[in-house]
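Colleague: Below are the chains, spelled out letter by letter.
Number of protein chains: 2
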Amino acid sequence: MIGTVSRTAEALLGQDRFLILTHRRPDGDTTGSAGALCLALRKLGKTAYTAPNHGVTRRYSSHIEPYYPPEDFAPGCIVAVDCAAPDMLPSEMAQYAERVDVVIDHHGSNPGFGRVNLVGGHYAACAEIICEVIEAMGVELDMDIARGIYVGASTDTGCFKFSNTTSNTHLVAAKCLDAGVDGGEINRALFETKSRARYEIERILFGSMAFYHEGKVAVALIRLEDRRRTGADWDDLDAIAGIPRQIEGVEVGLTFTELESGETKVSVRTTKEVDAAAICMQVGGGGHLRAAGATLPCASAEAIQRMLDATEKVYRGEA
Amino acid sequence: MIGTVSRTAEALLGQDRFLILTHRRPDGDTTGSAGALCLALRKLGKTAYTAPNHGVTRRYSSHIEPYYPPEDFAPGCIVAVDCAAPDMLPSEMAQYAERVDVVIDHHGSNPGFGRVNLVGGHYAACAEIICEVIEAMGVELDMDIARGIYVGASTDTGCFKFSNTTSNTHLVAAKCLDAGVDGGEINRALFETKSRARYEIERILFGSMAFYHEGKVAVALIRLEDRRRTGADWDDLDAIAGIPRQIEGVEVGLTFTELESGETKVSVRTTKEVDAAAICMQVGGGGHLRAAGATLPCASAEAIQRMLDATEKVYRGEA
Numbered sequence: 000m001i002g003t004v005s006r007t008a009e010a011l012l013g014q015d016r017f018l019i020l021t022h023r024r025p026d027g028d029t030t031g032s033a034g035a036l037c038l039a040l041r042k043l044g045k046t047a048y049t050a051p052n053h054g055v056t057r058r059y060s061s062h063i064e065p066y067y068p069p070e071d072f073a074p075g076c077i078v079a080v081d082c083a084a085p086d087m088l089p090s091e092m093a094q095y096a097e098r099v100d101v102v103i104d105h106h107g108s109n110p111g112f113g114r115v116n117l118v119g120g121h122y123a124a125c126a127e128i129i130c131e132v133i134e135a136m137g138v139e140l141d142m143d144i145a146r147g148i149y150v151g152a153s154t155d156t157g158c159f160k161f162s163n164t165t166s167n168t169h170l171v172a173a174k175c176l177d178a179g180v181d182g183g184e185i186n187r188a189l190f191e192t193k194s195r196a197r198y199e200i201e202r203i204l205f206g207s208m209a210f211y212h213e214g215k216v217a218v219a220l221i222r223l224e225d226r227r228r229t230g231a232d233w234d235d236l237d238a239i240a241g242i243p244r245q246i247e248g249v250e251v252g253l254t255f256t257e258l259e260s261g262e263t264k265v266s267v268r269t270t271k272e273v274d275a276a277a278i279c280m281q282v283g284g285g286g287h288l289r290a291a292g293a294t295l296p297c298a299s300a301e302a303i304q305r306m307l308d309a310t311e312k313v314y315r316g317e318a
Numbered sequence: 000m001i002g003t004v005s006r007t008a009e010a011l012l013g014q015d016r017f018l019i020l021t022h023r024r025p026d027g028d029t030t031g032s033a034g035a036l037c038l039a040l041r042k043l044g045k046t047a048y049t050a051p052n053h054g055v056t057r058r059y060s061s062h063i064e065p066y067y068p069p070e071d072f073a074p075g076c077i078v079a080v081d082c083a084a085p086d087m088l089p090s091e092m093a094q095y096a097e098r099v100d101v102v103i104d105h106h107g108s109n110p111g112f113g114r115v116n117l118v119g120g121h122y123a124a125c126a127e128i129i130c131e132v133i134e135a136m137g138v139e140l141d142m143d144i145a146r147g148i149y150v151g152a153s154t155d156t157g158c159f160k161f162s163n164t165t166s167n168t169h170l171v172a173a174k175c176l177d178a179g180v181d182g183g184e185i186n187r188a189l190f191e192t193k194s195r196a197r198y199e200i201e202r203i204l205f206g207s208m209a210f211y212h213e214g215k216v217a218v219a220l221i222r223l224e225d226r227r228r229t230g231a232d233w234d235d236l237d238a239i240a241g242i243p244r245q246i247e248g249v250e251v252g253l254t255f256t257e258l259e260s261g262e263t264k265v266s267v268r269t270t271k272e273v274d275a276a277a278i279c280m281q282v283g284g285g286g287h288l289r290a291a292g293a294t295l296p297c298a299s300a301e302a303i304q305r306m307l308d309a310t311e312k313v314y315r316g317e318a
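First to last, the sequence lines map onto chains A and B. For the first sequence, the positions run 0 to 318 when numbering that gives the first Met the number 0 is used. For the second sequence, the positions run 0 to 318 when numbering that gives the first Met the number 0 is used.
Derived from the structure by calculation, the hints contain no laboratory data. No false leads were slipped in.
No more than 25 Å apart at the CA atoms, straight line, and that leaves these computed lysine-lysine pairs for BS3-like:
1) A/K193 to B/K271
2) A/K271 to B/K193
3) A/K312 to A/K271
Construct all of the structure, not just a fragment, from the sequences and the given hints.
Modeller: What follows is the structure in structure tokens.
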């Protein structure tokens, strides 16, 4: 069933004993959406929990960890938020993949794997849709609910900076601030604080960056020993691939990360002049027009050479 | 006279031949506000220009440069936007300081140096007030007007990230996006693009950073030869002082810049634990609680030692 906001709100109002699922490698939108919905359902007197997600990092754990269920909890209604497909659920939630009751999501590609599916592909964040559902259930945004919504909207738009931000994103943010959310404090923690490991990684990235094709192509390398020495985890490496492209004149940023397996991961970020996916498809990877990636079965030196060749081919119009 | 939005709109509607003044070292709020107001007045059939501001950088010049007046222009009504005091006007506008008709500003400290003064100290950006004035004059926001307003609101709030952002800031941004502004493209240029010189300066800053007091104090140094070699101008150095404080655990970021005069400039940024002004006042500087600065009449090595001593005193409660 294709859900409208009001139908979805009605479906939720008719149920109890909720378990809310988040996607793997959880970000601020899936955790913020889950936490906000959980609190809103509880405010209606319902029993609601968020499913344990072992991949959650310290940055977003406060949205879901306090609401993990007791071991013997038997859910009556399963809701998935910000999950584009069943295989986006972490392994510990796979048992629920076939029995999701309500899907609330903003990925246009969502096949609608729930019984009720509220999918709004034009929303920047799932949290914006959650906000509408909460209001349609008659729950007023309080500061704790609004915090989850704000974090979802803010993180999925790079703090309202990216082109996916719509006027609705700003209207939702305005509501959250009116509900008492301290946006400045949240954003300082999310966007303005680097862990010491992250700082060390950026220092290495800046130091290692090399330029090709008259400065149009920037190459950065994070060695395995760099990660070991700095203790950087994937949280620390988040969005690091965007850095080379930020430099004026750079059209293609290639960020290489050596993996424990001996393989080399590459993240490609481009400006509108160059097709990132076309570069990555030559080495078995893929992705979007401006953001793509691949994992190459070779050491970093060879990976760099192969990716420079692949980039060259796209520039020459041969790929 | 203390202006309300409607009185100010009325005062403007009764005048013609406008010259709009911006402040020295112009930022996105003063230029965006000036450009938006100029276009709105022209839309009403009036003659309006923005006063030439020689300090404008390439980043913001498109808001005012196209609207510079012909040489023989004799203004009938002078409006100052985002100017906290007459001495904030650049020298080339000093001739108008005593004859400002309308002041529109968001600095609470503004003494009201115009005949009509619309000062809203609780607004994050002057552009938010300009938006209200434009609407009160009966002018609909078109894309070009909205672009100036959006840039003003966005730049003065760190792209809606800082704690000065209010729900009104978001509502204004929503209106601008609805008017067709490409926020993603604007923000990419303003916040996501580093000049090659800026990149080189950051590389040096990252490489030179040293930590004291168990990582609570971070010291970074930009040498005169670094600026010469990279060709970095003040635009490239903008907000660089905020970088050391971004590192987790750092409570005091001290950024030193060697000046041509042989003196050394220091910018101090602190978290809420430490009073930045108290550090700087010991060496003849000053500023705010979390952002202060000073110029020391000595070479950088001595300046670093003196500032570390001053910081130590604040930690020990002796200053």
